[in-house]
Amino acid sequence: MIELTNITKNYVRGAEQVQALRGIDLNIAGGEFIAIVGCSGSGKTTLLHILGCLDKPTSGNMRIDGADVAKLPEAKLVRIRRERIGFVFQQFYLIPGLTVFENIALPLVFNRKPKDRDRVMALIELVGLAHRVKHSPSQLSGGEMQRVAIARAMVNNPQVIVADEPTGNLDTATSEKIFALLQALHGTGLTIVMVTHNPDLAGRVGRVLEMKDGRIM
Amino acid sequence: MEFIKLAFHNLLRHKLRSMLTLVGIAAAVTALFSIISFNRGFERGLAEEIEKTGLHFMVVPAGCPHEVASLVLHGAVTPKYIQAGVMEEMQGIAGLELISPMLITQLPNPARDRLDMVYGLEMAHITAIKTTWTINGAVPAGSDGILLGAEVAAHDNLNPGDQIRYGDRLFTVTGIIRKTGSQDDAFVYMPIQALQEILSEPGRLTAVGVKVAQPEQLEEITADLTGRVPGIQIVTMNDVLRSLGTLANSAKVLSLSIAAIAMLIGAVGVMNSILMAIFERTQEIGMMRAIGANRQDIFRIIIKETVILTVAGGMTGILFSLIGAGAIEGFVRGIMPYVPSGRLIRFEPWLAASCILFSVILGMAAGVYPSYKASKINPIEAIRG
Ligand SMILES: Nc1ncnc2c1ncn2[C@@H]1O[C@H](COP(=O)(O)OP(=O)(O)OP(=O)(O)O)[C@@H](O)[C@H]1O
Ligand SMILES: [Mg+2]
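So the sequences go chain by chain: V and X. Counting from 1, one number per residue, gives the positions in the first sequence under the working numbering. Counting from 218, one number per residue, gives the positions in the second sequence under the working numbering.
Note that these hints are calculated values from the structure, not bench results. Every value quoted in this text rests on a predicted model; they were computed, and no experiment measured them. Honestly, I wouldn't trust all of these hints.
Said to hold, decoys possible - The calculated lysine-lysine pairs, modelled on PhoX-like cross-linking and capped at a C-alpha distance of 25 Å, are:
hint	chain 1	residue 1	chain 2	residue 2
1	X	Lys428	X	Lys297
2	V	Lys76	V	Lys56
3	X	Lys593	V	Lys56
4	X	Lys396	X	Lys590
5	V	Lys71	V	Lys134
6	X	Lys232	V	Lys76
7	X	Lys232	X	Lys590
8	X	Lys222	X	Lys590
9	X	Lys232	V	Lys113
10	V	Lys76	V	Lys113
11	V	Lys115	X	Lys222
12	V	Lys134	V	Lys76
13	V	Lys134	X	Lys222
14	V	Lys134	X	Lys297
15	V	Lys113	V	Lys134
16	V	Lys115	V	Lys134
17	X	Lys269	X	Lys428
18	X	Lys428	V	Lys56
19	V	Lys56	V	Lys212
20	X	Lys590	V	Lys76
21	X	Lys232	X	Lys222
22	V	Lys71	X	Lys232
23	X	Lys222	X	Lys593
Could you build all of it, start to finish, from the sequences and the hints given here?
Below, the structure written as structure tokens:
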């Protein structure tokens with residue numbers, strides 16, 4: 001479904017060029033659960049952002065369902081993000097003033113879609129927060145916040161969930177539950193790409209990519 | 218949930234900061250609305266008042282500046298008097314329907330140990346020249362009756378039937394003039410002859426008010442009068458309108474520049490507050506871009522925040538001006554030599570709407586830069602933190 005060929009990404013930091021990705025070749029099939037591991041600075045987040053169409057590669061080819069996306073302008077990329085990608089972050093990034101329900105419905109606003117109450121409620125149900133619909137994020141635990149973020153990533157019916165260290169801020173027990181939730185989503189046919197530092201979780205997914213110095217080992 | 222709701226929630230996150238910014242805008246709009254409304258009220262009130270005086274022109278001593286002459290209408294103590302004989306000369310001129318002598322001076326009030334402002338006039342002319350007055354009691358019929366302005370009566374707690382001594386004469390209050398909101402309230406009105414007798418100056422006059430039989434002949438008559446009677450100057454009600462208008466205008470320019478500065482400060486406040494807000498929300502803005510917001514979406518959310526702030530600030534400002542109208546008018550009456558009577562600051566919907574619109578436009582102008590800046594936030598760097 002997603003094909004990367006010889007993807008590189010350079011950042012300019014002052015006078016110096018940082019080669020964050022140095023030639024990535026990767027094929028992701030629909031319905032895969034992939035874990036990306038590797039030490040800090042190896043390029044995991046950079047790769048994830050490119051997969052999520054949030055960032056553009058410096059060079060190389062990228063196709064989603066056969067369509068070339070490597071050189072698309074931001075205006076086109078944002079549409080792909082809206083319709084096909086769901087993002088989950090380590091720091092959850094929920095909006096404090098909004099309720100659980102409203103946070104989950106937020107992507108619908110940007111996607112110019114009517115607020116589908118039933119769909120949002122079904123997602124709340126799915127992530128196990130039916131008793132928290134009207135709560136604000138400040139009233140939730142870390143695990144609950146990440147559940148809200150996952151439901152938010154799901155609301156536009158994406159094909160792919162990209163998650164950058166989704167359990168990085170959570171204790172082991174809570175991490176397990178979040179991982180179980182991702183596995184459940186994967187079970188429904190969703191493609192999941194997850195960056196993690198947790199080797200135990202990484203060991204339990206379909207494919208593990210280890211990165212080092214901007215390359216997949 | 219739409220962008221507007223999102224913007225609203227964002228403002229609620231820092232209630233105090235949003236509140237202070239709003240108050241800044243509100244204060245500026247209060248100034249703007251009050252000043253414009255007051256000026257309009259001033260012009261309107263002045264025109265009405267002039268129309269209602271029932272006099273066409275005032276005869277004042279030559280050399281008396283227009284501004285001062287204008288004030289005679291509302292009782293100003295001028296240092297100059299009309300020369301003797303002017304009244305008699307005027308009586309010989311055809312076409313004058315009413316010739317009303319006036320003498321304005323200060324008299325010692327020994328019982329209260331102070332100077333009272335006293336307005337001597339022909340009591341029989343009162344209904345003709347002071348058409349706006351409502352009198353509780355009666356206009357004095359004899360030479361020892363007086364009328365009191367509302368403030369004088371209230372200050373000394375005087376009622377019809379009470380007595381006041383001026384010089385060697387004892388006067389009886391026959392009526393109290395209902396509050397006019399103008400300088401009229403501060404005077405004691407006395408038959409002019411009695412006043413002249415107290416001063417031992419028979420024939421002394423500050424001014425003569427004239428009503429002509431046919432207003433079309435006004436120009437002719439004033440020309441005739443100036444030619445025939447030396448030592449006088451004629452101030453028509455148009456002159457009064459103009460000179461008081463000029464007075465109000467110079468005040469208007471000054472006060473509007475103050476309002477403009479207040480608006481500018483308000484706008485800078487909005488810009489500062491919104492810039493701070495987007496700085497604090499950088500990561501969140503990055504997140505929104507990741508989950509499907511484009512640059513324009515971010516721009517729209519932020520600009521809506523400024524619009525909400527300025528609309529709310531503008532409406533609060535209008536509310537403040539209406540609540541504070543009495544205090545503002547009282548203050549201005551205290552410092553301006555002449556202010557027409559009656560309520561000047563009024564709620565005029567189109568003016569209120571224009572002031573709010575103006576503040577919104579200014580707020581949006583102030584919001585453009587922060588909104589643009591927010592829309593330029595690089596989501597990748599923002600999310601990285
Ligand atoms: N915006 C940027 N400007 C300059 N250099 C950057 C930028 N973003 C990333 N880098 C550099 O690119 C390299 C890869 O960064 P990346 O965030 O992808 O690593 P990572 O594997 O996600 O690390 P971590 O495990 O710490 O999250 C690092 O050397 C980083 O310093
Ligand atoms: Mg990373």
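Against the structure, the hints:
no.: 1; hint: X:Lys428 to X:Lys297; in the structure: holds, 23 Å
no.: 2; hint: V:Lys76 to V:Lys56; in the structure: holds, 12 Å
no.: 3; hint: X:Lys593 to V:Lys56; in the structure: holds, 16 Å
no.: 4; hint: X:Lys396 to X:Lys590; in the structure: violated, 57 Å
no.: 5; hint: V:Lys71 to V:Lys134; in the structure: violated, 41 Å
no.: 6; hint: X:Lys232 to V:Lys76; in the structure: violated, 37 Å
no.: 7; hint: X:Lys232 to X:Lys590; in the structure: holds, 23 Å
no.: 8; hint: X:Lys222 to X:Lys590; in the structure: holds, 21 Å
no.: 9; hint: X:Lys232 to V:Lys113; in the structure: violated, 30 Å
no.: 10; hint: V:Lys76 to V:Lys113; in the structure: holds, 18 Å
no.: 11; hint: V:Lys115 to X:Lys222; in the structure: holds, 14 Å
no.: 12; hint: V:Lys134 to V:Lys76; in the structure: violated, 34 Å
no.: 13; hint: V:Lys134 to X:Lys222; in the structure: holds, 16 Å
no.: 14; hint: V:Lys134 to X:Lys297; in the structure: violated, 80 Å
no.: 15; hint: V:Lys113 to V:Lys134; in the structure: holds, 21 Å
no.: 16; hint: V:Lys115 to V:Lys134; in the structure: holds, 16 Å
no.: 17; hint: X:Lys269 to X:Lys428; in the structure: holds, 12 Å
no.: 18; hint: X:Lys428 to V:Lys56; in the structure: violated, 88 Å
no.: 19; hint: V:Lys56 to V:Lys212; in the structure: holds, 20 Å
no.: 20; hint: X:Lys590 to V:Lys76; in the structure: holds, 21 Å
no.: 21; hint: X:Lys232 to X:Lys222; in the structure: holds, 15 Å
no.: 22; hint: V:Lys71 to X:Lys232; in the structure: violated, 43 Å
no.: 23; hint: X:Lys222 to X:Lys593; in the structure: holds, 22 Å
This entry does not satisfy hints 4, 5, 6, 9, 12, 14, 18 and 22, going by the numbered hints stated previously.
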